Amino acid sequence: MTLAPIPQDWIFGLIGGLMIGGAAALLLLANGRILGASGILGDVLDGAPQRTLAERLPFLAALIGAPALAVALFGAPETHITGDTAVLIAAGLLVGVGTRLANGCTSGHGVCGMSRFSLRSIVATLVYLGVGFAAFFLARHTLGVI
Amino acid sequence: MRPFISAASGALFGLGLLVSGMTDTAKVQGWLDLFGQWDPTLAFVLGGAILPMLLAWRIAARRRAPLLEGTFPAMPEQRLDTRLIGGSALFGLGWALAGFCPGPALAVLGWGGPGAVTFGLAMAGGMVGLQLAQRLLQRRATVTA
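Protein chains in written order, with our numbering: chain P, 1 to 146; chain R, 1 to 145.
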């Protein structure tokens with residue numbers, strides 16, 4: 001008898017991806033909202049109207065709380081977060097400013113926009129992917145800063 | 001009911017990010033390391049996430065309204081401007097440097113340690129800073145006009 005093969009990372013990726021898409025589909029079909037992490041957070045920080053806070057705050061609380069609860073119950077997976085505070089601050093600022101300028105990130109443009117064949121979202125995704133590949137190559141293999 | 005759906009969606013989103021491995025910056029940076037130790041996991045995550053949404057948009061097109069009142073979001077005006085492209089480029093740069101985009105950055109906030117908090121605060125700071133800068137520019141424009 002042969003043992004079942006150990007599930008590979010891509011299987012978890014696919015299952016997790018289906019959960020992410022399911023979450024976005026639920027929000028769209030029930031509430032009529034786009035699941036965009038940067039938009040939901042950014043609008044709260046910018047002072048969104050009170051009636052939308054009643055929908056945004058539970059989303060953010062559960063997005064932060066559910067994984068924290070799962071980690072408390074089942075243990076924390078690796079995050080490999082860099083110990084370089086300067087890199088974290090610079091990267092965080094860039095992600096915050098960039099996603100707000102572009103009106104979306106990996107969830108809003110990448111998942112929700114691309115699946116509706118929005119040209120803006122497809123272009124945004126190609127740009128952050130392309131810049132991501134190039135920047136990682138330069139930062140890791142050429143400059144060696146990360 | 002709407003707040004409960006929002007919470008359920010946020011929880012499922014966060015758990016999906018955890019299960020998929022996207023809270024591991026090494027997996028995200030592994031995907032971006034096209035010319036090194038390339039890790040294709042992110043493609044399965046994005047593909048897996050797009051599948052239910054392809055179906056959801058088809059369902060939405062056939063229905064007049066979402067289940068809980070309101071309207072389906074209109075397709076945004078399809079203009080490709082510098083904001084969209086420049087913003088996405090800045091985002092891609094930050095994404096590559098730390099291996100976090102906004103969703104996973106929020107999903108690790110409660111358990112990822114001081115690094116996760118530092119990134120989260122910087123990201124929130126960037127969002128607030130941009131908003132303040134835009135308001136300032138707008139005010140100056142109104143004063144000059």
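Because the hints were derived from the structure by calculation, they are not lab data.
These numbers come from a predicted model, not from an experiment.
Even glycine gets a Cβ: it sits at the ideal position worked out from N, Cα and C.
Take these hints with a grain of salt, some might be off.
What the hints assert, rightly or not - According to the in silico footprint, chain R covers these stretches of chain P (three or more CB under 8 Å from chain R):
no., segment
1, 31-42
2, 110-122
To be verified - Quick look at which bits of chain P chain R covers, simulated, 3 or more residues with Cβ under 8 Å:
no., segment
3, 59-70
4, 79-93
5, 137-144
To be verified - Ranges of calculated distance between the beta carbons of each label pair, as one might list FRET restraints:
no., chain 1, residue 1, chain 2, residue 2, range
6, R, L54, P, H80, 18 to 24 Å
7, R, A74, P, A72, 39 to 45 Å
8, P, T85, R, L67, 21 to 27 Å
9, R, R139, P, L143, 36 to 42 Å
10, P, F117, R, G86, 42 to 48 Å
Evaluation of the provided hints:
1. Requiring three or more residues with a Cβ within less than 8 Å of a Cβ of chain R, the coverage given for the segment 31-42 of chain P holds, as 9 such residues are present.
2. Proximity of the segment 110-122 of chain P to chain R, defined as three or more residues with a beta carbon under 8 Å from a beta carbon of that chain, is established by the 9 residues found.
3. For the segment 59-70 of chain P, the proposed coverage by chain R is satisfied: 11 residues have a C-beta within less than 8 Å of a C-beta in that chain, meeting the threshold of three.
4. Counting residues of the segment 79-93 of chain P whose CB lies closer than 8 Å to any CB of chain R gives 13, which reaches the minimum of 3, so the coverage claim holds.
5. By the rule of at least three residues with a Cβ nearer than 8 Å to a Cβ of chain R, the coverage given for the segment 137-144 of chain P holds, with 4 such residues.
6. Take L54 (chain R) and H80 (chain P): their Cβ atoms lie about 32 Å apart, and the range 18 to 24 Å is violated.
7. The beta-carbon spacing between A74 (chain R) and A72 (chain P), approximately 41 Å, falls within the hinted interval of 39 to 45 Å.
8. Here the CB-CB span from T85 (chain P) to L67 (chain R) is close to 45 Å, at odds with the stated 21 to 27 Å.
9. A beta carbon spacing of about 39 Å between R139 (chain R) and L143 (chain P) agrees with the range 36 to 42 Å that was offered as a hint.
10. Checked against the hint of 42 to 48 Å, the C-beta distance between F117 (chain P) and G86 (chain R) comes to roughly 23 Å, which is inconsistent with it.
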